[in-house]
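Asker: Once you've looked at the hints, dock chain H against the given chain G.
Listed here are the chains, written in short residue letters.
Number of protein chains: 2
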Amino acid sequence: MAGAAPSEEALRRALAERQTAVDAQAEAVRSLKASGAKEGVDAAVEALKALKIEAGAAARRLQAAVGSGGGAAREEMRQTVVNTLERKLFYIPSFKIYRGVAGLYDYGPPGCAVKSNVLAFWRQHFVLEENMLEVDCPCVTPEVVLKASGHVEKFTDLMVKDEKTGTCYRADHLLKDFCKDKLEKDLTLSPETAAEFKRVLAVLDDLSTEELGAKIKEYGIVAPDTKNPLSAPYPFNLMFQTSIGPTGLSVGYMRPETAQGIFVNFKDLYYYNGQKLPFAAAQIGQAFRNEISPRQGLLRVREFTLAEIEHFVDPEDKSHPKFVDVADLEFLMFPRELQLSGESAKLTKLAEAVLKGTVNNETLGYFIGRVYLFLTRLGIDKSRLRFRQHLPNEMAHYAADCWDAEIECSYGWIECVGIADRSAYDLKAHSEKSGVPLVAHEKFSKPREVEKLFIVPSKKDLGLAFKGNQKMVVEALEAMSEKEAMDMKTALESKGETNFQVCTLGKDVVITKKMVSISMEKKLEHQRVFTPSVVEPSFGIGRIIYCLFEHSFYTRPSKSEEEQLNVFRFPPIVAPIKCTVFPLVKNQEFDGAAKVLAKELTAAGISHIIDTTGISIGRRYARTDEIGVPFAVTVDSATEVTIRERDSKQQVRVGIDEVASVVKELTEGQSTWTDISFKYPSHIGPQGDQE
Amino acid sequence: MAGAAPSEEALRRALAERQTAVDAQAEAVRSLKASGAKEGVDAAVEALKALKIEAGAAARRLQAAVGSGGGAAREEMRQTVVNTLERKLFYIPSFKIYRGVAGLYDYGPPGCAVKSNVLAFWRQHFVLEENMLEVDCPCVTPEVVLKASGHVEKFTDLMVKDEKTGTCYRADHLLKDFCKDKLEKDLTLSPETAAEFKRVLAVLDDLSTEELGAKIKEYGIVAPDTKNPLSAPYPFNLMFQTSIGPTGLSVGYMRPETAQGIFVNFKDLYYYNGQKLPFAAAQIGQAFRNEISPRQGLLRVREFTLAEIEHFVDPEDKSHPKFVDVADLEFLMFPRELQLSGESAKLTKLAEAVLKGTVNNETLGYFIGRVYLFLTRLGIDKSRLRFRQHLPNEMAHYAADCWDAEIECSYGWIECVGIADRSAYDLKAHSEKSGVPLVAHEKFSKPREVEKLFIVPSKKDLGLAFKGNQKMVVEALEAMSEKEAMDMKTALESKGETNFQVCTLGKDVVITKKMVSISMEKKLEHQRVFTPSVVEPSFGIGRIIYCLFEHSFYTRPSKSEEEQLNVFRFPPIVAPIKCTVFPLVKNQEFDGAAKVLAKELTAAGISHIIDTTGISIGRRYARTDEIGVPFAVTVDSATEVTIRERDSKQQVRVGIDEVASVVKELTEGQSTWTDISFKYPSHIGPQGDQE
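Protein chains in written order, with the numbering used here: chain G, 1 to 691; chain H, 1 to 691.
Next up, chain G with everything else stripped away, as it sits in the complex:
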């Protein structure tokens, strides 16, 4: 297995390189043609063809490696990673001594440190860089808010119950497992049946409750644990419900996302920002999802940390002043067209994707670029990261465009960040439900003349005619659209009266000329009032961290080659512990020096551990490599020490009083290991020999 993983990685890199080459050559052909040159064009086109053939072969080699036996290798790789993670307490199944609860996990000490480093970097990369307004809202949320957002009605999964035991299953999971199983294991399947199962898998997410129930019945699917019959599917709301206050009358839920807390505060935040658009608000916090039957370990859990950004922007101007900073980035994009034509993700320049309209607008593009930088700086492998566009059937009807940052891990491609242009949907929903207008204003530099509709009902005449129903009629008149009003005006002027439907009364009434005056008048307007659009990058922190664990993990043989040692290649900003301090041998001088050094590291804010066990330095290195400590300091004198870098195993000699500042520079990113290894003498000492 240790051999299989790098080889897959090598194939992946080879493919990415060839894709880059194809792209470069295609660009060359384009510019040659554009320049009107005739010489060389044919040769360039031939070269492009050859490169494409090579890229195709690379893709097939990778596919073969991943497809055949790749599944088993991946499973084995996952087991090795997960064992290390559990043994080193990166995470722990919650309430383990009580046999745990499915879908709930603790972060143990190194996992918790990784998480807080990831969040600190998120704050630096997004909140600080963009001057975002960070807020912190409660998890307990009253029902009215989640009714407005649509979660009370729509945040559901379809569930079936074992009719005898009452055990619950996700209906789509059962159908999916059934079809997959048949396709993989039933060798007697007719081509028609196989095609039918494939079709079902393809449209699984689009099936209605009834269709899903019909399929389960048709295929005779039973409860997997007991073989008992199943109930018809019915929706189960995934929110944890509770009750606020002692009366039991006030329903509340644990929030399913943090975004709503920002939307309901839009008005205050807009004023706080000096009534200027665009601006972004951000929130980091817990969110909850009462999964029917959690699977996939850390990837599908019942409580998780979200980091969400709501960037409010004028719908008429979605340009972004800093788009130029990310325009040249090039990474794997997987737009709708490629998905629908069965191709795979392609290295694409962000500027091009926006220019061509593949990505809806610059602001969305800007955030896609920033998310790419965030993830790769954390240590996510570029070749296993793609941005996939939602297909039309995946996207909410109001969304203008939506891209997921998907990271490939042993479970397949996992959605880790969603970047959506949600248009004005959320603010409008809360405006309507709360009655508080959540709008922005654009002041005109000089007033503009506009035509405006005036509808003035005559309350006296309406009162005489409709008595108690007067109010409903007035409201219906005032709510007319421009077209309806002008039609009524014409009818009243020609016929003196007209029929008018009043929905709230459930009938038509007769309106006469004196009951209402309708006119179009010119008016000077000083501002435009509008509901901002929202671009929302939403980060599943736990999923990102899990993928980071897989991407950072590798094994290498011990010096004696008797065993494989585990290593996490976390970059310094992510590493749970930044450095270890080892006195070379147990003696007072080295221990004393190590203590002084530890104090300096603490003062500099650098997390560290001292390992004074008498075991060999090689063993001590192995122990800290396994939790991804990037730098190890061996104290072998009171004045000078060696610093060893985890992945290269290179060592340098550094004066003991410089150690804290060197490690601080390295972990804060002001210096790289290369800088340090040029600046300080390298070292091959007894410690090095032991590895």
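Since the hints were made in silico from the structure, they are not lab data.
These figures come from a predicted structure and were not determined experimentally.
To spell it out: a stretch of chain G is covered by chain H in this simulated footprint if at least three of its residues, at any positions, have a beta carbon under 8 angstroms from a beta carbon of chain H; those stretches are:
1) 96-107
2) 157-169
3) 235-244
4) 258-268
5) 596-610
The calculated lysine to aspartate or glutamate pairs, modelled on DMTMM-like cross-linking and capped at a C-alpha distance of 25 angstroms, are:
6) H:Lys33 <-> H:Glu330
7) G:Lys664 <-> H:Glu665
8) G:Lys96 <-> H:Glu153
9) H:Lys88 <-> G:Glu442
Among chain H residues calculated to face chain G with C-beta under 7 angstroms, some are:
10) Gly108
11) Gln124
12) Leu133
13) Val436
A virtual CB, placed ideally from N, CA and C, is assigned to each residue, including glycine.
Answerer: Showing chain H alone in chain G's frame:
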């Protein structure tokens, strides 16, 4: 009001100084006496008396200022602070557009930044400094865990209901309000009745459900809003209840504290720490408390952030190697004796409190000292911070000792940190309920000989005699204490048989000599197995932050003296924004320089805002003073700028390329403003003139 607050503060400081003087003189008298000296003793005693009289007078002056009219002044002060906090979005009533939910608040941008700074400092001060094992557990908690901890049974408040409307009230609050109201407003009260009301107030927390109900009935207390009769009091569990998974059968609660997540992980954490004691685990996270009727604004809320430390220690050795680092600290302590004798808190040296046994042990003392340093470094006023020992009736029966860090604010003295020695209670409760032993081991350097009791029932003979009841008899025999067993041995040896009570059978049986062999044998033991004690400092982060807001707030006149300007004197580590950048006037050169500067600040990780509004520099200063920004940079050239410190309003000239590093040093605590003002030329320019 602006005048009243500093005067109270001055009185407070005067008192603290006099208390220090008394303590110093008392110490002098003690050492004089101890040295056996005769000369000077009388004079020293006289001096001590005089100092005590002065201190008494200072205490009375403060009391008078706070007591008379102090209430109204405090109320007014609070209003000013709270208005500023709400206007500047330090916090926002949650879901405001839906008319909010009592007891739920959002942190808006500056509040959220203060909170994350406080938590970052907490991590630095506790987790990093002590190498604590930080974990992160879910909020959703299964019932079994909270049954073991006692929360399902005991985490309740007594509630009464308006019998007609169903509105709920806390029973003790109603009784308290009634008695207080009578004492304050009813001038016709007989001395006996007044004494009775006072007694009730004193024992309020100790009243049983029945006693509380009887008092409410006796006094004829009715629902405050409607004057309707009230139900008898009954316990209401304060945990938010929910259901885990889709079946509705698995009860869960939102955790009421984070500590339980640590206790259930003790075994793993102990192994992670190399099976060594002492060690501490820590957790920061949300906790929930479904208050019956939340009062006191931000101080009593339904969802809050806790930061908790569980320090596990050998119950036979509660010394602490770093106690010496805090031993010399001196601050207000309020031990039991002073509370019971009606005195007030006294400046006490921590070493003395531990030495005298006022504080139970060094470890508890160490954490009290560290908490003192934490709070005062955040900016909590030393004279409004005291450590109050729990009275015997406040403390859980298992607790060895318990101290609250109380901070005085406009609501009175508020418990913000609890520091408790909880002995072995929690670990034992979870060991028992889960069946997993949560214990530590002390390996002996050489084996120790111990006497051990051996009870060997003869199953054959017992089976013949008791048939189906054999198992219960065997278990009862094996469960005998050493004394019971030795008594039985004597009886069997002398009489051949004896009566023996088997509780599980509900009767006595006759045990004969051949049914059981009992002996004391010597055995070598290699280790001691024990349940560690837990010292738990538990921080209510929201309460600390609210008190910090009050302690940091002051007003000062504007330059024209026409208005009072609000200022928060947050220390740089706490300040939500570390610096502002003002181009002096709107022009391209200054705006460009300001932008470059902002980029450098971002790169250095320093939060900042640029204010390019054309308004006067004085106005811009006032605006940022109000959110507590400590440093303002005015750009009036492309090469040099002024940096102005918020509280002193001093300004220095600094080269523009040095600004980021100067502000970084200041905010990270490597330099103070005094250092900077020595190093750089001071400045009194046009900006200064405008203030």
